[in-house]
Amino acid sequence: MRTLIVFFTLFLSATPLFSQSQTEVVAQQGDGIYLLLRRHGLDPSQHFQSFIELNQPNLGQDNSLYAGKTYLLPEGATGSAATSKLAKAAPTFITEPLFGKDYERVELLDNQLQGTVYYLLAGHSGPDPGAIGKYGPYQLSEDEYAYDVTIRLARRLMEHGATVYMIIQDPDDGIRDENILKMDNDEVSYFGEPVPHGQVQRLRTRVADINRLYLKHKGAHQRMLSVHIDSRSKGQNIDVFFYHHENSPAGLALAEQIHGVLTAKYNRYQPNRDYFGTVKPRSSLYVVKYSHPPTVFVELGNIKNEKDQRRFVIPNNRQALANWLCEGIMADYKASKE
74 MRTLIVFFTL FLSATPLFSQ SQTEVVAQQG DGIYLLLRRH GLDPSQHFQS
124 FIELNQPNLG QDNSLYAGKT YLLPEGATGS AATSKLAKAA PTFITEPLFG
174 KDYERVELLD NQLQGTVYYL LAGHSGPDPG AIGKYGPYQL SEDEYAYDVT
224 IRLARRLMEH GATVYMIIQD PDDGIRDENI LKMDNDEVSY FGEPVPHGQV
274 QRLRTRVADI NRLYLKHKGA HQRMLSVHID SRSKGQNIDV FFYHHENSPA
324 GLALAEQIHG VLTAKYNRYQ PNRDYFGTVK PRSSLYVVKY SHPPTVFVEL
374 GNIKNEKDQR RFVIPNNRQA LANWLCEGIM ADYKASKE
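Counting the sequence shown from 1 gives a position; the working numbering is that position plus 73.
Take these hints with a grain of salt, some might be off.
The following label-pair restraints were derived from C-beta to C-beta distances [unchecked claim]:
hint	residue 1	residue 2	range
1	291	265	21 to 27 Å
2	139	167	25 to 31 Å
3	245	212	19 to 25 Å
4	393	306	21 to 27 Å
5	142	293	43 to 49 Å
6	136	257	29 to 35 Å
7	139	281	23 to 29 Å
8	349	271	34 to 40 Å
9	245	337	35 to 41 Å
10	356	272	17 to 23 Å
11	333	209	16 to 22 Å
12	142	200	52 to 58 Å
13	393	212	35 to 41 Å
Below, simulated DMTMM-like cross-link-like pairs (lysine to aspartate or glutamate); rule was C-alpha separation at most 20 Å, straight line [claimed, not checked]:
hint	residue 1	residue 2
14	174	250
15	338	312
16	407	135
17	291	116
18	407	232
19	353	303
20	380	303
21	291	303
22	255	116
23	207	379
24	142	97
25	380	329
26	291	183
27	207	257
These aren't lab readings, by the way, just hints derived from the structure by calculation.
Positions of the beta carbon are idealized from the N, C-alpha and C atoms, including for glycine.
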């Protein structure tokens, strides 16, 4: 199975004005070249440069577009077929089956993350369940809970216009609202390949997939998050903490922005205790060391600790984690443009 999670826009398609050789369209508020091309049925990887060449006098700083100004589309969007496409309004929601029946409809809230690309990697999976914790009579596996938080995060990012790749995918789980998530081993890679049995091969394969996709989006704002749950002694209560590459300022910035959001949330919702989550370099981690996008490795808690278990066993808490991670990611992108 192969699922590419892509973004759309809330804005209506512009009414085209036709010339003899190119289609003329009017840029909407918030449009960039990628968004404009996609809305009119053109692949940005093929038409980005030709669009710039056609419209250079009307482009702003860093090839930005001016809302209300008319631009020429490259050849390939003219004729009756284009007229039909351009006359339709862009959807205000998309359907993503990977999220499951209860969550597959994704409302498009805004385009704050327009032009960004995120690679989300839930730890372990397939033949490797990761860390195991005991919760009453039940066993909790790291890969199931990390996956549920990760896929919830994917959906949140999409609501704000991001392009999101789930590097590990479960074809039938979707987003789940049970406390106890059933363990299985049917996860696959983004390109539909089974998850390898060997640990080294698992890491190499998923990093290779990330780097392969990264090359397709050269020049875009790209980041990667790898989501895990730690395993320590039963009595050790820990907060969400983060690792980054020591030579990656962008990775450090992303980790610090997310850390800042969680600090603020703890101060608001748990004012009687401090937040002890940390941001540290750890370049020896394979996905941190070898992934091309700036990468943050996230540990959500201790799967063996009773207090930490409530952080991810309760579905609303899993959603809160995804929401807070998304807020940090959005803050990072905003700061990167300033």
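- Query: Any hints this thing doesn't respect? Which numbers, in order?
  - Reply: The structure conflicts with hints 5, 6, 7, 11, 13, 21, 22, 25, 26, although it agrees with all the remaining ones.
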